[in-house]
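Peer 1: Combine the two chains into a complex, taking the hints into account.
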Amino acid sequence: MNRSYLDYAAKRIGQAVIVILLSYVFTFIVVSVLPGDPITNVLRDPQNGFSEQEIQQIIAAQGLDRPVLVQLWASLSQFLSGDLGLSMRSNRPVSTLIAEVLPSTLVLATSGLAVAIVLALVIGYGTQFLPRRYGQGLLRGFPSLFLSVPNFVIGLVLIHIFGFQLGLFRVINADSFWATFFAAVALGIPVSAQIAEVLIANLDHEARQDYAAVARGRGISQSRLFFRHLLKPSALPVVTVVALTVGELLGGSLITETVYGRTGIGSLVQRSVTTQDLPVIQAVVSLAAVAFVVVNLLADLVYPLLDPRVKLIGTVKPRPATGDDAFDDRVEGIPS
Amino acid sequence: MSVVLSSHPVEETERRNGKRLSIPISVALSLAIIIVVIAWSVAPGLFTSYSPVVGVPAQKLLGPSFAHWFGTDHLGRDVYARIVYGTSSSVTSALIAVVIGVVIGGLIGLLSGFLGGWTDIVLARLVDMLLAIPSFLLAVIIVTALGFNTTNAAIATGISAVAIFARVMRSEVIKTRQAVFIEASFILGGSRWYILIRHILPNASRSVLPLAVLQFGLSILVIAGLAFLGYGDPPPASDWGLLISIGKDYLKWPWLVYAPAFVTIVTVLSVNRISRWLRKTN
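Protein chains in written order, with our numbering: chain A, 3 to 338; chain X, 242 to 523.
If the Cβ cut is set under 8 Å, some of the chain A residues that face chain X in the computed set are:
| no. | residue |
| --- | --- |
| 1 | Val155 |
| 2 | Leu158 |
| 3 | Gly253 |
Coverage of chain A stretches by chain X, computed from C-beta distances (three or more under 8 Å per stretch; other residues unrestricted):
| no. | segment |
| --- | --- |
| 4 | 24-31 |
| 5 | 140-152 |
| 6 | 255-264 |
| 7 | 284-293 |
No lab work stands behind these hints, which were simulated from the structure alone. Heads up, the beta-carbon is just placed ideally off N, CA and C, and yes, glycines get one too.
Chain X with its partners taken away, still in its complex shape (with noise of 0.2 Å):
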């Protein structure tokens, strides 16, 4: 497997020369996965000929079948269908949380590793207020402040994950600080503000990659976690997160639980997979 490959003396070297970047097969596995998953979201209607909303009341609760493959709910709705049609907002509502973790989580961090002194210290300070606080619980009472919707879960959960970005781009702005070219940008007349946007950023930013692709998988559940205790967008939403809430009224019929959590699990498990290769190869 591709830790195997990994530590192999001849593909090390090929890597470094940038001939040839082999992507073991778990990881093509995860982003095939995570294509059809973007597709899903971009183009639901390509994928399902049923209706998320409009339900058939004479075929409620039918097993799994070629007809309906994860089978259909308690309104006789199809329930591959309503988790085709809950994927764009799942996965947008994550990308808006990794955005915000990014965006604010690093330039706290770039401020804070940048300037040091009492900015650094502040700024540590706050960071470690933010962790203190269990981030779920965090995640709850922010979007009780906002208002229950799937839009303010995302935001809340973007701010439950700044102060692990802020970290994480506060120690790698220092390493970066210290390296060779910066003395000779600086040397040669660059100001500090130049050094930081031109150098410092690029540089530090490129291990918040896989970070943040990891960071986007954890969102995914945080926000199904809110949607679960009902603070996403009401039904007729289909969130994955709702469509399990719904589906745990149901045990009986267990696939209006297992469905959508399976698809949870696979697209999470995937994003993983490959922050994990995006880490080992950066």
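Same shape as in the complex, but just chain A (with noise of 0.2 Å):
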């Protein structure tokens, strides 16, 4: 824990909370012009029945009536307090809106992370290991195929294989094992592409070294070789891009809720884009890029611990004039 780790540290955190502000301010400003008042379009709706004088408490309740820019202010100072508003459809603190449907969306997002990580982890050793009449080109070819399907097509595809043909789920119970499980495929493949595309390059790139050579020489074991020496520097840098698949979890938890007719954070916020629920679209996206950041700050500040290789830039000085780190002053990845 040397000086140049706090530097590092102090510098990130600052630039993490940067960000959220103004990702905060930038959902604000773009949900404030959606199309219509949402005052006529929300509350004056005959359908919802609100009176005249409930719409006049829900206008002042809101602060409705507010200048946008005052109506910022409060909305972000009270985000900062925790208080996430009302939702304006149901009058229900936005809070315990997204409390009630978060766990049934962290089961399907860690699962899916768990799915996208071991599938990457098959098909890289498979890369390593598999001789090449029996496929090898073929499975270096999955991460490109994976990019290529659309996620809902995957959830689809599964339920005309598992839950029609073979019976295996019904998507009406939608909280059953197999639901899930299934769910959590379709999530975690495309997932899984890019993380076994960084695993893949690492993996090839240590399997040449010299130290690699030396364990093959001894005569170990392949899966010995894979788990004991190649697995661990390959990877350590997958951790970031772990990090950064955070935001595909979420995104594409949206489409999977959909395709699987689970309640979720997806379904909420597709329930409150159709219905114009401004207070709910905002908490959502804003925690959304609050869970981005916090997980790739954690992942940015663990990093350098675990792997002594790595040298932290953004400390040095002068600055290394090479570019190659795109924007931010995060850590520099081994070399490959």
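Peer 2: This is the structure:
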């Protein structure tokens, strides 16, 4: 824990805070230019049956009669104090609405990530040891194939094969084990492609190193070579890639939850978008940005501690003029 | 395959001399597929005699056959015709998305990399902000703000891709800025803006091309996703994503999902292959 690491950490935390604030403001701007006036669209919709007095109350409670900048300031300070406001439709706290559906999405996202990691490891193992004539090339093509398939198609194909043809699960029963399992597979497959791409490149690099040749010369088994020697140096840089997939998992859950009829953050967003429930949209998008920033911050902070080979840039002066590291002062990966 | 070929020393030299540019078979096939897709979108009437909108109710939900390559849907419409007529909308919207991403992202990256200093710091945080919001969620809220139709879905997809182009453009600009010929041009009296437009832009743009092609495929997927959720044009439009979305209610007749999905996957796969090839030959 030396000085340069602390400098680096302070700088990254500062950047993360700025990015979170900016994304809140950005979302507010996008959401408040929604077509039409939320008051007429939602509150005066006869289907909702609000009386004129109730409408005035909600307008006052939401502060919709104030100028946009004042609303932004109020909303931002509320957000920073942990208050997400009230839903315009149900008048219930947004935090309650989110808390109700969050567990389901967390289960889906974490099992999706687990599927993605396992799949990436299997593909990675295969690319190292599968003989060329048994389709190693095919296996290497998997990540780019996975990235070419819309994830709702994967979901539908799984439902068709395992739900309809084999009768393993019913989509109506969305929370059953198999329904959740296949939803996680559908969510995880595109994510696994990104992890596998980096993992394969690193494994190929490590397999060419002298120490790997020495290990092979000692006559150790394939799986021991893979898990004992190749995997650790190859998998460490993948930590930052996994952190980047948080966005993919959250965005993908929007579609996967629709396909599998699950209730979750995705279906909450869908409902709020069609009913123009602005406070809910604002809260979910900002929290997604917070989740993404925090996970990536943690990955960037933990990574240099895990991997002694990385050097911290952004603390070194003058700054190396490579321009390879895009935009921020992230940890420089292992050259490959 | 191509990987083996390109590492071959003879071919390397040949390519460097510019005598012959060999195209691997998979790339040629991909190009052929893309040409067919473009032809579908330009002149769909040449490829099918069926109407994409008017069906024959007596022929509903027929399986694939010689008369109907991809079968028919619940209204007796030919699925192949629906796909061919939907191509134009799917391809054009992906193109709009890429152009928005390249122009706005490229401009941000160019200014950020060339001017440096405070401009760079401010733009870098803005780009970080765009990256922090999950890109599909970003596309969803922008399309909500603009209104649900395919053009707006394309614009939203483009904006959600701005950050990626900005990053790549910036790093390319920084790389180019340090080249000797830039220094030479400066000493010869070229102004900053002249150098930016004349020298840095063309050189930095080169590696943006493969990325733009890759993003084109990705945009097809994202726009299909938005159409799937109902944020694109409503039926009787026949965007590929919308076709799959309609098909999901008729899973007993799986070709309604598999046919448009197959076309989407093959197109995106071909685009990705071309992008990889461009990156390698660059």
